[in-house]
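Peer 1: Sequence order for the protein chains is A and B. The first sequence begins at 9 in this note's numbering and counts up one residue at a time. The second sequence begins at 11 in this note's numbering and counts up one residue at a time.
If you are wondering where the hints come from, they were derived from the structure by calculation, not from laboratory data. Check each hint, because a few of them may be wrong.
[Claimed, not checked] What the simulated footprint calls covered on chain B by chain A, stretch by stretch (three residues with Cβ under 8 Å from a Cβ of chain A suffice, anywhere in the stretch; the number is not a length):
(1) 176-184
(2) 210-217
(3) 241-253
If you're wondering where the values come from, they're calculated on a predicted model, not measured in any experiment. Built from N, CA and C at the ideal position, the CB exists for glycine as well.
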Amino acid sequence: MANHPLLHLENVTLASRFNPSLVSDVSFQVHAGESIGLIGESGSGKSLTLRSILGLLPSGIEQTDGRIQLNGRGAMIFQDPIRALDPLYPVVKQLAEVVHYRQQVSRKASHVIALELLELLGLPDSLRQKDRYPHQLSGGQCQRIVIALALACKPDVLLCDEPTTALDVTVQRQILELIVRLQKELGYAMVFVTHNLAVTSSLCSRLYVMKEGRLVEEGETLPLLQNPQHPYTRMLIDSVLPLPELSELSEPNELKRGADA
Amino acid sequence: MTAALKVDNLTVEYGGFTALDQVSLELAPNTTLGLVGESGSGKSTLARVIAGLVSPTKGQILLGSDVLGKRRTREQRKSIQMVAQNPDASLNPKHTIQQILAEALLFHKIVDRSQVREKCKELLARVRIDETALGKYPHQFSGGQRQRIAIARAISVEPRILIADEPTSALDVSVQLSVIELLKQLKSELSLTVLFISHDLGVIHALSDTIAVMKKGQLVEVNNRESFFARPQTAYGYELLTAVPKMPPLPTR
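From just these sequences and the hints, can you work out the full model?
Peer 2: Shown next, in the form of structure tokens:
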């Protein structure tokens, strides 16, 4: 690994007026092209940690200690795609605006780049002819737009805050596959925040477990899952409800087509 | 064996949109039917029609051998109870837990006014919440506790059918498991027939005897649990199952 990590958090502590330790003493590094997972339940401080990297902390919450070093550009994908988009602004226009400011190109060129991004993300071609408002798109399509907005910043580190939690399983799979495919093509590093261990296990090479604002355990994904040391990690692993294996006979082409015929 | 609940050729249209398209379904007594499907597939509409909150455009619902009409009797309403997805929205924030539980008990004349307090304590014990909760307000409890209180209210009137519409989706994973265990236990103790709605196949697998899959307002597959999870009969069922993110193989514990 290179000596200089892209992102380096050192003993970061975040506090509000009433709670001096919303997040305490969190340290981790992300190197180029690497994916790490930050896992924990609601209130564990994982989203706050992520937001502090881009300076997006809610008002009233401040970094009181530690250092955050980001050697490159960062961009974030939010949990709720509908709320991350401006409802009064057509989506291609939103995307072109971000391209215009972040890549510092003309309005005309930014529109062309925006359309290229749409194609990269597998959004419908009809958007080329007619721009649409967020409410005219499905949840999965909106999330693709949000990812496009993040990619328009040409990030070195992509920060994902539960990007698939609000989506259906089939859409979740498409979005995850998309994020992984684009990572191979564009080579960004990733910090992935989620409470879903099954999602991070396939995506991230290292995991950091957070509880009540502290990192309780960290390590390489597979060894950590196979041999968790902290009882909280064990509990998170146990709470993933197992599904039995599909039998090998059930190939999709042998199945009768249901309502989707 | 007659079904505890039978849904016969049910169609619901909202304006021009068909939310349910000729759905027929049977719930055997004292079993759990897990209803899965993506958002917008009509799962919640089906729950709301069965609970009597939406009237169907076509088709009918039978409770045992009774046809449930447009206007249900108090007895019929009592027999079908529902637990909603979000306990914050379903519990009145200005009422104490005792008021919340007592209202249904008194309305359906389950106990006399003098015995209400005792009955409330008994209900809280069933969902494993301390009886000191009676004087508190919903905001003083965690999400999981609030969902237990919502369950206590639903079972307070001794229903035959319990509809649970994504009761665990708003909860943390660690709490989710305890609510699932509670529902399982209540089902056998009170011989309930449960309609459990979720888009989370892990939760459905943990709870259901039978699985029904919905897509775009239609019922595409009804199968028992073992065969659905091993050999789904439809391509859509297969697609749903393969989309669930999997954990890597871990040592057995």
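Peer 1: Each of the hints needs a verdict: does it hold here or not?
Peer 2: Now the hints, each set against the structure:
Counting residues of the segment 176-184 of chain B whose CB lies closer than 8 Å to any CB of chain A gives 3, so the stated coverage by that chain holds, three being the minimum. Coverage of the segment 210-217 of chain B by chain A holds [criterion: at least 3 residues with CB-CB distance below 8 Å; count 6]. Here's how the segment 241-253 of chain B fares: 13 of its residues keep a CB closer than 8 Å to some CB of chain A, so the rule of at least three is met and the hint holds.
Consistency note: the structure conflicts with none of the earlier hints.
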